[in-house]
Amino acid sequence: HLPDKAIDLIDEAGSRMRIRSMSAPPRYRELEDEIEKVRKDKEDSIENQEFEKAASLRDKERKLTQKKRELEENWRQNEADAEQPEVGEEEIADIVSMWTGIPVFKLTEAESQKLVHMEDELHKRVIGQEEAITAVSKSIRRARAGIKDPKRPTGSFIFLGPSGVGKTELARTLAEFLFSDEDAMIQVDMSEYMEKHSVSRLVGSPPGYIGYDEGGQLTEAVRRKPYSVLLLDEIEKAHPDVFNILLQILEEGKLTDAQGRRVDFRNTIVIMTSNLGAAQISKNVGLGFAVGDESGLSYDDMKNRVMSELKKVFRPELLNRIDEIIVFHKLTKQEITTIVDLQMKRVREQMAQHEVAIELTDEAKELLVEQGYDPAMGTRPLRRAIQRVIEDPLADFVLGRQLEPGSTILVGRKMNDDGEPSTEVDITFIPGEVTPEKVTVPAGDADEPSDSSDEPSPE
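Each residue of the sequence shown is one higher than the one before, starting from 1158 at the first, in our numbering.
It is worth saying that the hints were derived from the structure and are not from the lab. Heads up, some of the hints might be wrong.
[Said to hold, decoys possible] Computed list of lysine-lysine pairs in DSSO-like fashion (alpha-carbon distance at most 30 Å, straight line): (1) Lys1502 with Lys1522; (2) Lys1194 with Lys1162; (3) Lys1305 with Lys1295.
Only a predicted model underlies this, so the values are computations on that prediction, with no experimental measurement involved.
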């Protein structure tokens, strides 16, 4: 007497478990291919009137067929004796998560410990920005502990700071940490909503207008992924009417689209990014985003100055509904040095496809920091420096020679004739050990080498 949906859940969970537990008998495919080849050779021999060879191939075909039959019987017997898979609570929860896009989980002890050490996990990808990571972590812990306001979103933040200091990266890291998937982040570029008539695209076109059946670009995305990180990028570029929509989301956690459906935002984390105040940093005005010892300003003083800039753009009713307004510091040279390893991770993964490792000397890292450090521009100059200094010479090097699996490419820094460090890199190829090629020995042949009829036995 279960509901239809419950029966469908049990049916699909059982099917998935059955498919996962199914295993083909060993060598089954190999024997089938071998029998097919012997049968074809036998038919060719008969056509060529080579009857002795055809008789030999016929006997070989019978032996292989008998071997296949015995192998299949043994496999069926082992399958019957094996422990039958069971569908439990976790398997049903996986199907529910897959159908609805809602993660079904228990706040286990391991999950609790993960949340307690959330700052350490976020710092693995976001370098520096202690205040930002601490504020976000506290908000998430409140929500997961069930202490937050049940009507409002899980968290709402405004990230402020110069370009390239990790605002968007923190949002991506948060999505991966909470939902184990970077794709759980819904990114909306607010520069697409600069005009008044484009605001309706967020909730959908009204009846009678083109695009009514498509749904809103914001509401439809959240309706399909109710548990997600909603990133509103460069919010200051949006038309002021967009803020009216955000008021309803931030206060009530719900929004009605053009088709009358109420979309639930209570399980989303709303993050708005802005570059307000970044102009002053390039002009060396006292505002700045520097750490206290660099500009003489504490974090609170700096935040107060940015807030005065923020109030000129956003209305008080919007700022009052935000949980936390976070100011990102500009990056120091020491932090850029740490980010070099994170940026090089992608290059290492691409070289790993060729089974080749790549290593950087400390001198090469110093060169990247010199070429890619710009306090006003963040990490993006570093990315361009890696392309120019590392990837371009590396591409010429890879295309000019055959790479051996297991080898290592060592990237160092060239020295000028006068002994001074150069602005170019020196690439050294270290060949690896020649590893023997792996040969897969079929299970049947390994145990019974004398039964194989492929090779003629010596007399």
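Going through the hints against the structure:
With a CA separation close to 13 Å, the supplied pair lysine 1502 and lysine 1522 stays within the 30 Å bound. Between lysine 1194 and lysine 1162 the CA atoms are separated by roughly 49 Å; this puts the pair beyond 30 Å, and the hint is violated. A threshold of 30 Å between alpha carbons decides the hint, and for lysine 1305 with lysine 1295 the separation of about 11 Å falls inside it, so the pair holds.
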